[in-house]
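Number of protein chains: 2
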Amino acid sequence: MSNRYPPESAGRRMIDDVPKAVPEERVSDIRKRLFEKANDFETLNYVYIIDRKGKLAGVLSLKDVFQKPEESKVKDLMVKDVIRARPHTDQERVAILALKYNLKSVPVVDKEDIFLGVVPSDVILGILHSENVEDILRFAGISKRDVILNKTLQFPVSVLAKIRLPWLIFGLLGGLFAAKIVTFFEGPLKVNFVLAAFIPLIVYMADAVGVQAQTLFIRNLALDSRLDARKYFLKEIKISLVIALILGAFLALISFLWFGLLNIGIILGVSLFLTVICACLIAVLVPWLLQGLKKDPAIGSGPFATIVRDVLTLVIYFSVASLMLKFF
Amino acid sequence: MSNRYPPESAGRRMIDDVPKAVPEERVSDIRKRLFEKANDFETLNYVYIIDRKGKLAGVLSLKDVFQKPEESKVKDLMVKDVIRARPHTDQERVAILALKYNLKSVPVVDKEDIFLGVVPSDVILGILHSENVEDILRFAGISKRDVILNKTLQFPVSVLAKIRLPWLIFGLLGGLFAAKIVTFFEGPLKVNFVLAAFIPLIVYMADAVGVQAQTLFIRNLALDSRLDARKYFLKEIKISLVIALILGAFLALISFLWFGLLNIGIILGVSLFLTVICACLIAVLVPWLLQGLKKDPAIGSGPFATIVRDVLTLVIYFSVASLMLKFF
Numbered sequence: 001m002s003n004r005y006p007p008e009s010a011g012r013r014m015i016d017d018v019p020k021a022v023p024e025e026r027v028s029d030i031r032k033r034l035f036e037k038a039n040d041f042e043t044l045n046y047v048y049i050i051d052r053k054g055k056l057a058g059v060l061s062l063k064d065v066f067q068k069p070e071e072s073k074v075k076d077l078m079v080k081d082v083i084r085a086r087p088h089t090d091q092e093r094v095a096i097l098a099l100k101y102n103l104k105s106v107p108v109v110d111k112e113d114i115f116l117g118v119v120p121s122d123v124i125l126g127i128l129h130s131e132n133v134e135d136i137l138r139f140a141g142i143s144k145r146d147v148i149l150n151k152t153l154q155f156p157v158s159v160l161a162k163i164r165l166p167w168l169i170f171g172l173l174g175g176l177f178a179a180k181i182v183t184f185f186e187g188p189l190k191v192n193f194v195l196a197a198f199i200p201l202i203v204y205m206a207d208a209v210g211v212q213a214q215t216l217f218i219r220n221l222a223l224d225s226r227l228d229a230r231k232y233f234l235k236e237i238k239i240s241l242v243i244a245l246i247l248g249a250f251l252a253l254i255s256f257l258w259f260g261l262l263n264i265g266i267i268l269g270v271s272l273f274l275t276v277i278c279a280c281l282i283a284v285l286v287p288w289l290l291q292g293l294k295k296d297p298a299i300g301s302g303p304f305a306t307i308v309r310d311v312l313t314l315v316i317y318f319s320v321a322s323l324m325l326k327f328f
Numbered sequence: 001m002s003n004r005y006p007p008e009s010a011g012r013r014m015i016d017d018v019p020k021a022v023p024e025e026r027v028s029d030i031r032k033r034l035f036e037k038a039n040d041f042e043t044l045n046y047v048y049i050i051d052r053k054g055k056l057a058g059v060l061s062l063k064d065v066f067q068k069p070e071e072s073k074v075k076d077l078m079v080k081d082v083i084r085a086r087p088h089t090d091q092e093r094v095a096i097l098a099l100k101y102n103l104k105s106v107p108v109v110d111k112e113d114i115f116l117g118v119v120p121s122d123v124i125l126g127i128l129h130s131e132n133v134e135d136i137l138r139f140a141g142i143s144k145r146d147v148i149l150n151k152t153l154q155f156p157v158s159v160l161a162k163i164r165l166p167w168l169i170f171g172l173l174g175g176l177f178a179a180k181i182v183t184f185f186e187g188p189l190k191v192n193f194v195l196a197a198f199i200p201l202i203v204y205m206a207d208a209v210g211v212q213a214q215t216l217f218i219r220n221l222a223l224d225s226r227l228d229a230r231k232y233f234l235k236e237i238k239i240s241l242v243i244a245l246i247l248g249a250f251l252a253l254i255s256f257l258w259f260g261l262l263n264i265g266i267i268l269g270v271s272l273f274l275t276v277i278c279a280c281l282i283a284v285l286v287p288w289l290l291q292g293l294k295k296d297p298a299i300g301s302g303p304f305a306t307i308v309r310d311v312l313t314l315v316i317y318f319s320v321a322s323l324m325l326k327f328f
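Protein sequences, first through last, are from chains F and V. Sequential numbering from 1 applies to the first sequence in our numbering. Sequential numbering from 1 applies to the second sequence in our numbering.
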């Protein structure tokens, strides 16, 4: 049955063997069921109350089962306002629901509210772990997480090198492309050699700002599926303006004081201002676009984003420099 | 009591109100206790069996309490080989123990094995989440995680910019330092301008390789506290040799074919070979050193590591270039 749902969805991760009851039952009925077949249940945190149509009507904690009077009716005790997921809900979202509402298990229902199963606490713990590990390794350009996690010493060098190489080779090609771009600007660079000296700084700063903006946006998206992306985008523009202005002014000032060249200081300041804003916008637009295309926004992070940003940063930097050197 | 232990330790996160029993009791005694005071317990997953000296003797699952015969003795049913943590154990380690052994709660004992409390499942879920979020945000040079998580739209631009700026300013200063280094090599760079064009590539590759190596090492450390760091280091040297050789040869070949300069191709290949090895070694040595100093190895990742690596990479690149240009 579980293969009906997409990989990494709630439907794929749910189990069905949990304690259930109907609203008309009494606490004593549930106790009896537990004494008879507790071992059949995979998880024992909650008793799920299902009405005669199969709909999820409420939930009862195990504490209530122990402590409430034997004769009291389930429907009078149960919590009716139950947090629930749909079978197509992404597993990371299920884990975040559990975290947010401090739940041990999250019930899964279909669009008619028919109870389908439960994603239990140990599965939720595992989901949260693997999703976060995936995010962390993606930063590092590694995708075959299961193979290398905690197992570096157990694998031969050839396997480990093969896992680490693909994005590095891709990065190398991107870097060659970037080098080609720089050679186009040989003219202005030879005249003002110090511009070449600032290439690492400009590229590094665009990356640092871009990674920050992207990390925060992806986290905001993961934690709040109804995030107003348009509002977020406007806010990010404002933040990036403030950051770009401060960093640009700071760089212009220090490089003028340290290297004694006013025109270079201005070129650097303006370039950093523009590249920082550009990096922030890309950081929000790419994941937004990916989410619109129903792809995992986190895919846009990591080495691919870095190369795109680096090449764009170099183009901005040298365009600004070429243009401004004509006037100085 | 909990303040006796360091922040983010098991001792700080444990609770004491869990079901307990002595080995001589019977299943019926535990049932009676649960019926009387289930609501007093914060977590109901396991019954912890404590002997007369206060030592943790075993554990009994709630399923057993329901299903085993009333008259059976606790000491005959309990699991004796219980996974446990010490109060000074790092909270991330506790979460990883729970994950590894599929536990809902992890008991905490002192060095005489006296039972102190339990880190419950919801706390473990929260620990795992916050530790991973911390790691992810640290990559992005952000530390005040609680303030901005999921709340970007609720905070004013000034606060958000202030959270994001510190490491960026630090990075800017590091970049200025790197620029100064590049100007020292103005001579060879002016003669062979194409060397300047490859600065972004060399810096980018050293970073990409360094981030990979460091991410994998920190994860290996987090998941296995008894990791043989010496063996790991030797293995990393081997892997880095393979990766450096492939990338260096690849770069030498392509840059020769694309730019048509044999000497530049050789300089680039040798430089990349050396910087990749250097980046891998730093990636393992820094966290290893930090762990030896009892600091969180993950601190060594993020913007600080990047700047150190970038500066070192530039020094290697230009030293190799200056030296080899004398012979070509």
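Hints listed in this document are in silico derivations from the structure and should not be mistaken for laboratory results. These figures come from a predicted structure and were not determined experimentally. Each hint should be verified, as a subset may be incorrect.
[What the hints assert, rightly or not] Derived, one-sided and incomplete: chain F residues facing chain V with beta-carbon distance under 7 angstroms:
{"#": "1", "residue": "E70"}
{"#": "2", "residue": "A140"}
{"#": "3", "residue": "S143"}
{"#": "4", "residue": "V203"}
{"#": "5", "residue": "K231"}
[Unchecked claim] Below 25 angstroms or equal to it, Euclidean Cα-Cα: the simulated PhoX-like pairs (lysine-lysine) are:
{"#": "6", "chain 1": "V", "residue 1": "K20", "chain 2": "F", "residue 2": "K73"}
{"#": "7", "chain 1": "V", "residue 1": "K63", "chain 2": "V", "residue 2": "K20"}
{"#": "8", "chain 1": "F", "residue 1": "K63", "chain 2": "V", "residue 2": "K238"}
{"#": "9", "chain 1": "F", "residue 1": "K20", "chain 2": "V", "residue 2": "K190"}
{"#": "10", "chain 1": "F", "residue 1": "K162", "chain 2": "V", "residue 2": "K238"}
{"#": "11", "chain 1": "V", "residue 1": "K235", "chain 2": "F", "residue 2": "K190"}
{"#": "12", "chain 1": "F", "residue 1": "K326", "chain 2": "V", "residue 2": "K235"}
{"#": "13", "chain 1": "F", "residue 1": "K231", "chain 2": "V", "residue 2": "K73"}
{"#": "14", "chain 1": "F", "residue 1": "K151", "chain 2": "V", "residue 2": "K63"}
{"#": "15", "chain 1": "V", "residue 1": "K32", "chain 2": "F", "residue 2": "K151"}
[Stated by the list, open to error] Partial list, derived from the structure: chain V residues whose beta carbon lies under 7 angstroms from chain F:
{"#": "16", "residue": "N39"}
{"#": "17", "residue": "Q154"}
{"#": "18", "residue": "L160"}
{"#": "19", "residue": "V182"}
{"#": "20", "residue": "F184"}
{"#": "21", "residue": "G187"}
For each residue, glycine too, the CB sits at the ideal point set by N, CA and C.
Against the structure, the hints:
Taking 7 angstroms as the C-beta contact cut-off toward chain V, the hint placing F/E70 at the interface is violated, the least distance being around 10 angstroms. Hint on F/A140 holds. Least Cβ distance to chain V is approximately 4 angstroms, under the 7 angstroms limit. Annotation: F/S143 was flagged as interfacial toward chain V, and the flag is violated, the nearest CB pair being 12 angstroms apart, outside 7 angstroms. Below 7 angstroms, beta-carbon pairs count as interface contacts, and F/V203 has one with chain V at about 5 angstroms; its hint therefore holds.
Interface restraint check for F/K231: the shortest CB-CB distance to chain V comes to about 6 angstroms, inside 7 angstroms, so the restraint holds. Under the criterion of a C-alpha separation no larger than 25 angstroms, the hint pairing V/K20 with F/K73 is inconsistent with the structure, at around 29 angstroms. Restraint check for V/K63 and V/K20: satisfied, since their Cα atoms lie roughly 15 angstroms apart, inside the 25 angstroms limit. Of the supplied pair hints, the one linking F/K63 and V/K238 is violated, its CA atoms being roughly 56 angstroms apart against a limit of 25 angstroms.
Taking the CA atoms of F/K20 and V/K190, the gap is about 78 angstroms. The hint is violated against a cut of 25 angstroms. With a C-alpha separation of about 13 angstroms, the suggested pairing of F/K162 with V/K238 holds against the 25 angstroms cut-off. Distance check on the hinted pair: V/K235 and F/K190 sit about 44 angstroms apart at the alpha-carbon level, beyond 25 angstroms; violated. The hinted pair formed by F/K326 and V/K235 fails the criterion: a straight-line CA distance of about 54 angstroms is larger than 25 angstroms.
Restraint check for F/K231 and V/K73: the C-alpha separation of about 63 angstroms exceeds 25 angstroms, so the hint is violated. Among the hinted pairs, F/K151 with V/K63 is inconsistent with the structure: their alpha-carbon atoms are about 34 angstroms apart, more than 25 angstroms. A distance of roughly 46 angstroms separates the Cα atoms of V/K32 and F/K151; the hinted pair therefore is violated under the 25 angstroms criterion. Annotation: interface hint on V/N39 holds; nearest CB of chain F at approximately 5 angstroms, less than 7 angstroms.
The closest approach between the C-beta of V/Q154 and any C-beta of chain F is roughly 10 angstroms, which is over the 7 angstroms cut-off, so the hint fails. The closest approach between the C-beta of V/L160 and any C-beta of chain F is roughly 5 angstroms, which is under the 7 angstroms cut-off, so the hint is satisfied. Checking V/V182 against chain F by beta carbon gives a least distance of about 4 angstroms; that is within 7 angstroms, so the hint holds. Residue-level restraint check for V/F184 is violated (minimum Cβ-Cβ distance to chain F is 9 angstroms; threshold 7 angstroms).
The interface hint given for V/G187 is violated, since its Cβ lies 10 angstroms from the closest Cβ of chain F, which is over the 7 angstroms cut-off.
When the structure is compared with the earlier hints, violations turn up for hints 1, 3, 6, 8, 9, 11, 12, 13, 14, 15, 17, 20 and 21 and for no others.
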